[in-house]
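Visitor: Each chain, letter by letter, is given below.
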Amino acid sequence: MSEKPQFRPADETGVPDHIQYMHPMMVANQANWDYHDRPRPGVLRHVTKDGKELFTVRAGTQRQMDVYTIRKLADIGDDFADGHVRFTTRSNIEFMVEDEAKVAPLIEALQANGFPVGGTGASVSMISHTQGWLHCDIPGTDASGVVKSLMDQLHHEFIDEKMPNRVRITTSCCQINCGGQGDIAINVQYTKPPKINHDLVANVCERPAVVARCPVAAIRPAMVNGKPSLEVDEKKCVCCGACYPPCPPMQINGAESTKIAIWVGGKHSNARSKPTFHKLAVANLPNNAPHWPEVAAVVSKIVNAYKNDAKHWERMGEWIERIGWSRFFEMTDLAFTKHHLDTWTGARKSMNSSAHVHF
Amino acid sequence: MKDGDSVDIENRPTPMLDQLEDGPWPSFVTGLKRLRDTKGASYAPMVNDLLGQLNHSYEERMGFWKGGAVSVFGYGGGIIPRYSEVADMFPASKEFHTLRVMPPPGFHYTTDLLRKMCDIWEKHGSGLIAFHGQSGDIMFQGCTTENTQHAFDELNELGFDLGGAGPALRTAMSCVGQARCEQSCFNEAKAHRGIINRFLDEMHRPALPYKFKFKFSGCGNDCVNAIHRADFAVIGTWRDDIKIDQEKVKAHVAEKGRKYTIDTVVSMCPTRAISLNDDDSMEIDNKSCVRCMHCINVMTKALSPGDDRGASVMIGGKRSLKVGDMMGIMVKPFIRLDTEEDYEELEEFAEACIEFFADNALEHERIGETIDRVGLPTFLEEVGVEVDPNMVNHPRTSSYVRTDDFDDEAAKWFERQALEAGMTVASE
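The listed protein sequences correspond, in order, to chains A and B. Following our numbering, the numbering of the first sequence begins with 5 at its first residue and continues without gaps. Following our numbering, the numbering of the second sequence begins with 891 at its first residue and continues without gaps.
Worth flagging that the hints you see were computed from the coordinates, not collected in a lab. Treat each hint with caution, since some may be false.
[What the hints assert, rightly or not] Only part of the chain A face toward chain B is listed, based on derived beta-carbon distances under 8 angstroms:
no. : residue
1   : ALA35
2   : GLY55
3   : LEU58
4   : GLY64
5   : ARG75
6   : PRO120
7   : THR134
8   : ILE142
9   : HIS344
[Stated by the list, open to error] One-sided excerpt, in silico: chain B residues whose CB lies under 8 angstroms from chain A:
no. : residue
10  : LEU922
11  : SER961
12  : VAL962
13  : CYS1008
14  : HIS1118
15  : MET1220
16  : LYS1222
17  : PHE1224
Virtual Cβ for every residue (Gly too), placed ideally from N, Cα, C.
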């Protein structure tokens, strides 16, 4: 018997204690904050109950960072922010300084190193996104690439606060929608049923689990060319791709058939209106890397219509609810089609059962 | 290849990716090229081939990774294995696994810690790290199967642990919270660490029917998107009155104007609970207020949450697979979060929900779907929560229900009401 390899047993430390990494000013003033304001785009000023100030400078990153980028950010953190940083939910980095005089040179250092300062208040913040072609096993498109391209285009709205309220954009590389809900959600939408490699199904897929995964019961076991496989009732299939992760031989992606849909009016916050899901604005846009120009054009139209027409503090969905969907489609030059009528369970709740009509 | 070996390898052509290097936003492509061009680095050939494969994806408009099974000693989850389907063309990145590592609550780091993470990842991985994935994890992306254990060992020595993957308790997220936000209504990090670290076994050895996610937001602004994305969302709130500093209200009106204040604060209150008096002081009907946070967001100096703080718990948020999108349902309108016992009570409720999920969910079913299947009353009974009108937008509209025990249920309601009012009831 050969000796078993010696592994180091894991120390199941779990979630680390954040206090050891937190800026000392924040450690000392937990739950002692009085108010905040924003002296300029990209900068927050938090004031404690006893009048001490903490300035936060927020900058955009590419999220998927090489060690050189991270070390550069660490250097800036050492030079200006006492060696402490934090990240936001949307992959922006924040530097905290107590001395207001450090704010301007910190902003300068970030900008000089290519990190846009902004993403606060009524801005278009960093797009939340996923892995895409870089790392995911089921993606219909890339994530970092679409985001880089869109953020180049939206850069001026990131570094300023000229929107009616904050704009949260997300991208997702499949219909599972890891990017999440957004004021604007840019999501892959498959348009063809899966293409099955029957030679592989029996060996790769747990067939009953795949049958169970289908939301419309369109998959059933079948013998194909003498081999146990699966078949799809293409009339029932909604092309959601749910069968593809548990059964990769059911290829859902195609260079031409994988399209992009844009959704609007999702909102996480409870402020004013209750949280909402995003709703379909347009489908069937081409998956046109590396710049996705058709997607970028629609995003730009929607952002501009909202910017020009919404009232201060109205989020995208609240604005559309006020002006009505007819006006939204008119202002954005998008088509309203039968595919905008929901057909899923609970669809009736999305229909207008009143005499309220926008003209 | 060992560190220090200098082998000149030809750069993979990346004509599609090269187009993503211009423009004002930081470019991940430029970052990857910096790694590729690091002379003598063990990861340089891997990143070169990664760039090649990514460019290939851009040209073919298809992804070329497949999953598999890779883990570290003693754990069943936390690594996302990736094997290239085009390894014949790009052999150096044929294994490109990700380590999901749990971040500190609130995503705080020292620069020293970031550098140590970079050093470990240069030694064992690709040099590419994402802060953070959508699950909240630090994503150490790009590791060979052999190096996965070494990378984990060093990160673990640094005080960090793997997050969740597969049918398991997942990595949680919390907002910056009371560390820097005056709107925070509880100690988000304390609740976050308390709950996750209590159930680590469910994270590291996946045995649940499907994923289970916790998220912690200090107020209704829900900066970590808990209601849509968490099976168990903890959202800060308060029970007493909004605090008003009338002098600062007047200063706000003087600065912004009366019309602007009425348009953006009074008219936007979802329950018409606010009015502006003739002397520019503000009146709030706190019984009608739903703690939405809007007026406090606009008037950060004049208004703030009350003192009787805690959290609401909402259960069952998830995205589409497979019955459609769900937001969490309000299940605990208020848990006071002040003392150790309060946090212990929250942890115990979390435990009851995880147990209900483990016992009752079907394979690949999220708890929200289980609740839809068995009905909210059954879930509430199982986890020991009494019904509350705050759980619904409105009572049922369908008459198809058997109500022969209605009087008994009504008696329970009145008894609970009496107990809460401090009265003695017959059953005591």
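Visitor: Compare the structure with each hint and give your call.
Guide: Tested hints:
no.: 1; hint: ALA35; in the structure: 4 angstroms, holds
no.: 2; hint: GLY55; in the structure: 13 angstroms, violated
no.: 3; hint: LEU58; in the structure: 7 angstroms, holds
no.: 4; hint: GLY64; in the structure: 7 angstroms, holds
no.: 5; hint: ARG75; in the structure: 6 angstroms, holds
no.: 6; hint: PRO120; in the structure: 6 angstroms, holds
no.: 7; hint: THR134; in the structure: 6 angstroms, holds
no.: 8; hint: ILE142; in the structure: 7 angstroms, holds
no.: 9; hint: HIS344; in the structure: 16 angstroms, violated
no.: 10; hint: LEU922; in the structure: 6 angstroms, holds
no.: 11; hint: SER961; in the structure: 10 angstroms, violated
no.: 12; hint: VAL962; in the structure: 7 angstroms, holds
no.: 13; hint: CYS1008; in the structure: 4 angstroms, holds
no.: 14; hint: HIS1118; in the structure: 5 angstroms, holds
no.: 15; hint: MET1220; in the structure: 11 angstroms, violated
no.: 16; hint: LYS1222; in the structure: 16 angstroms, violated
no.: 17; hint: PHE1224; in the structure: 15 angstroms, violated
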